[in-house]
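Taken in order, these protein sequences are the chains called B and L. With the first sequence counted from 1, adding 527 to any position gets you our numbering. With the second sequence counted from 1, adding 772 to any position gets you our numbering.
Keep in mind the hints are simulated off the structure, nothing from the lab. Just so it is clear, CB atoms sit at the ideal spot from N, CA and C, and this is done for glycine as well. Accuracy of the hints is not assured; some may be wrong.
[Said to hold, decoys possible] Distance ranges between label pairs, derived from CB positions:
#1 Q839/B x E1342/L: 54 to 64 Å
#2 A1188/L x T872/B: 36 to 46 Å
#3 G1205/L x Q839/B: 51 to 61 Å
#4 T872/B x A1378/L: 21 to 31 Å
#5 D810/B x G795/L: 48 to 58 Å
#6 P842/B x D1204/L: 42 to 52 Å
[Stated by the list, open to error] Which stretches of chain L does chain B cover? Using the computed rule of at least three CB atoms under 8 Å from a CB of chain B, they are:
#7 890-896
#8 951-965
#9 1015-1022
#10 1219-1226
#11 1265-1272
[As the list claims (entries may be wrong)] Far from chain B, by Cβ distances over 10 Å, these chain L residues were calculated:
#12 T846
#13 S877
#14 D882
#15 I912
#16 D930
#17 A1043
#18 S1073
#19 W1174
#20 D1201
#21 E1313
#22 V1345
#23 R1371
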Amino acid sequence: MSFIRKPKVEWAGQRRNPLGLTIRDYEGGMSTLCAGCGHDSVTAALVQAFWELSIKPEQVIKMSGIGCSSKTPAYFLSGAHGFNSVHGRMPSVATGALAAHRDLIAVGISGDGDSLSIGMGQFAHAVRRNLNLLYIIENNGVYGLTKGQFSASADPGSKSKAGIENRQQAIDPVAAAISLGGSFAARSFSGDKQQLVPLIKAGLAHPGCAVLDVISPCVTFNDHEGSTKSYAWTRENHESVTSADLVEPAEAIEANYEEGEELPVRLHDDSVIRFRKLEADYDPGDRAHALEYLERHRAEGKVVTGLLYLDQDLPEFHQLSGTARQPLRDTGFEHLNPGADALETLQEKMR
Amino acid sequence: MPGADSTPHHINDFVIKIGTVNGTGSASANTLLMKALFRMGIPVTGKNLFPSNIQGLPTWYEIRANHSGYNARTGRVDMMVAMNAQTYQQDLAEVSPGGYLIYDSSWPRDGQLAREDVHLIGIPLADMVNRHFAPARVRILMKNIAYVGALCALMDIDGDVVRGLIEETFAAKKKLIEPNMQAIALGHDYAREHFECPLPVRAEAMNGTNDHILIDGNQAAALGCLYAGATVGAWYPITPSTSLMDAFESLCKRYRTDPDSGEKRYCVIQAEDELAAAGMVVGASWAGARAFTPTSGPGISLMGEFIGFAYYTEIPAVFFDVQRVGPSTGMPTRTQQCDLMATAYCSHGDTRHPVLLPADPRECFELSVAAFDLADQLQTPVFVLSDLDIGMNDWMVPKLTWDDDYRPERGKILSAEELEELEAFHRFDDVDGDGIPYRTLPGSHRKGAYFVRGSGHNRLGGYTEDASEYQEVVDRLLTKWETARGMVPAPVSIDSGHHTDIGIIAYGSSHGAVVEALDQLAGNGIHANYLRLRAFPFSDEVHEFLDNHATVFVVEQNRDGQMRSLLKLETDVDPGKLVSILHYNGLPIPSDAVSKRIRNHIRKEAVA
Ligand SMILES: Cc1ncc(C[n+]2csc(CCOP(=O)(O)OP(=O)(O)O)c2C)c(N)n1
Ligand code: SF4
């Protein structure tokens, strides 16, 4: 993907995070996406979230597949390693990378085409393995990069730019993630930075696969009348289940919310994001309820956003596999190779 | 029935073939038989000829014992143990003239087993075991052990050795020792009482197996992965490669599990498919682990996209292709050397990959270690091209040895300290002029951060659609290919000791047949020099060998002569002098298939 380096200007009085880094240090190359593309707002939210979390850029790996959405990793955190893999297969590469080095902070960015068609299998299995990955789907209902074909998330009844009606069923990545046994499922809207930033932070903090579906309109191919993934439609029809506040670690957090009303997500630095419920009877810990809620609103043509399902206790990939605490890639060769004597002993059985 | 004296004497030079029904537990009886011969010091090999089925279909195991150590198939059957009534006719037809056929005479077989030139040995195996053992499953198992007992008497196989093996095998399940011993005695005593023992086809203790082991190639390759320090293995089950990962995992359980915490210093992932397995290997290697995936032809097809990606993005990765019969699903449990082209040029665009060609399990061990070193040093996918014959059959090879001074060759990885010193890091800069750039690992240093992309990139790692920048990178990859030529394992040459312009080229599991064929040909006064290829790209020795011989027979196990094609493509050899000797019916190539066809070709040429 193309990118143009951004000039970095330093000035006195710039805000710095505890690592001494300014928000500019969390930026990447200049975006070459269409002006107004929802994906660029996701980039901005990522920059903000990483900066606020004071994560060292070199600890991060930015993984993606192929598509306009998958170009996003080039536009933030230039101090992190990026990986633009092949179409639909970001999850397997991320799985391998995390198998080798479990302490890397991994963010995977994909599109609805990338994840829900060619990559549906890998998406499902990353969720199922509960890989410690923030898995963002920039969902615009179309294939942007190949110029406007319907994607698998296009709603039945929605119209293409040429006026053709989509008649197939849509795959909802959030419902899919929940029913696949996912531990974290959320949805947001690229135009709602207030909600998106905390969700990104919560997803990064979550020990396991955090699926974050972001409705991210494609201004070029899917922002017209009749689209259900346009800015106008989404603004009008999105309904928040939760909204979020960040509580600094210094505060006495536990006492700050009433039980049953708020959902705290603990971040790396021990601060907590409280997701406040907007719906009194919504229970994000109840899978069946979350699915029912999603389904009910889908039927009404509503897009529900917020942290829709969370289980912070589900064991993540390495816990499930019993892998050593120390990253495998840093394990000394002396711990890996049993040596000549062991080989000799082993072969006694082969005579 | 002909007299025994019409039978040629075969001492320590015979083939025993056992026909059974898949799933009846004959494998342990066959292993017992083979190990007994091995422990008597007689060189042996054992080949499974099995169906793609779990239970109920005919299956065979073929043991070749040969005092000179020849290990190829011969086309001969000196002793047939026919345990599957379904295949009696076929089994009988396969016995060499003067040979023997043991069958279960619990049921009359009048007229069914008729052949003048074969000795029939009827032993009421079912009757005997049914009288001695009650549980049905035990009866089935012990019937197999009983034929081993009969063979001990008939072929003079050392009973003490067999009993010793039984004791060792069941050291942990002592209850099983007694019935096994009994079954051996049943077969043995019956044969003793009713037949001339021993037969002219028989075993005699010698010392041809000292410092050797019996092992299959997948087990040996798994050991190679363990010893090379591979920590991440991703795979999707496919015959005949599955046992490689099974072996790796059980070795890791034993040697890589922290005894105190139970923590695993390895990660084996059963992927959702081969595409994912390849992606996991690429991801893990990129992040700095040694990672591999075992698969077979259909898996390679699916991995193609990632293999091309790893080639272009210069990420090390090790792929084991244990070949089976193609095309498509082919015959999953039969052997071929049919993926050479598919691996050498795997994926779209201009791609080429180093392919290592082990000839036996020992080389599976050595070349898998070499594969990890090469992949790391060259920063590219490397294939180890084994096959079902090597991977799943029992081979006698010299003991595996290990040098404790070995350290993995990790290639050009910049450490955090080195990056600190460096003014700037450029991923694809050919600093040393050998075509191999430097790489950095994620998580080590901010200065080493770069973007991996399968799209057009320039020397610095940035995206490009610029004609000359693109070309600079792909041309440099060719420089790297030239470097690889000098790094891959050299071919092994066997000089005939005679002045000859006949050459033979072979690779992989065809080796045993060629070695034996060379001797057979020499017996006919035909002398040939032999070059066994161990790697693609072809090193200088290969070019020289082609230059130095007027006729070069290329022996391989596929229909289209893939190695011959590769030699034509990659060297400037005159194609007219490359003569294919092909064998591709799914069974391991026999030695006379090589010698006969070479003889015929030479005779025809002489006439013409
Ligand atoms: C194997 C393969 N098939 C097809 C393509 C072409 N392709 C590139 S991006 C894309 C769709 C991308 O759609 P999406 O993931 O929704 O991303 P968007 O561009 O809409 O952000 C396709 C089909 C490809 N690169 N590789
Ligand atoms: S085509 Fe659509 S998705 Fe792609 S950059 Fe343009 S607006 Fe964004």
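Right, here's what the structure says about each hint:
| no. | hint | in the structure |
| --- | --- | --- |
| 1 | Q839/B x E1342/L: 54 to 64 Å | 56 Å, holds |
| 2 | A1188/L x T872/B: 36 to 46 Å | 38 Å, holds |
| 3 | G1205/L x Q839/B: 51 to 61 Å | 53 Å, holds |
| 4 | T872/B x A1378/L: 21 to 31 Å | 56 Å, violated |
| 5 | D810/B x G795/L: 48 to 58 Å | 51 Å, holds |
| 6 | P842/B x D1204/L: 42 to 52 Å | 45 Å, holds |
| 7 | 890-896 | violated (count 0) |
| 8 | 951-965 | violated (count 0) |
| 9 | 1015-1022 | violated (count 0) |
| 10 | 1219-1226 | holds (count 7) |
| 11 | 1265-1272 | violated (count 0) |
| 12 | T846 | 25 Å, holds |
| 13 | S877 | 35 Å, holds |
| 14 | D882 | 44 Å, holds |
| 15 | I912 | 26 Å, holds |
| 16 | D930 | 15 Å, holds |
| 17 | A1043 | 7 Å, violated |
| 18 | S1073 | 15 Å, holds |
| 19 | W1174 | 4 Å, violated |
| 20 | D1201 | 17 Å, holds |
| 21 | E1313 | 30 Å, holds |
| 22 | V1345 | 36 Å, holds |
| 23 | R1371 | 37 Å, holds |
Hint violations for this structure: numbers 4, 7, 8, 9, 11, 17, 19, all remaining hints satisfied.
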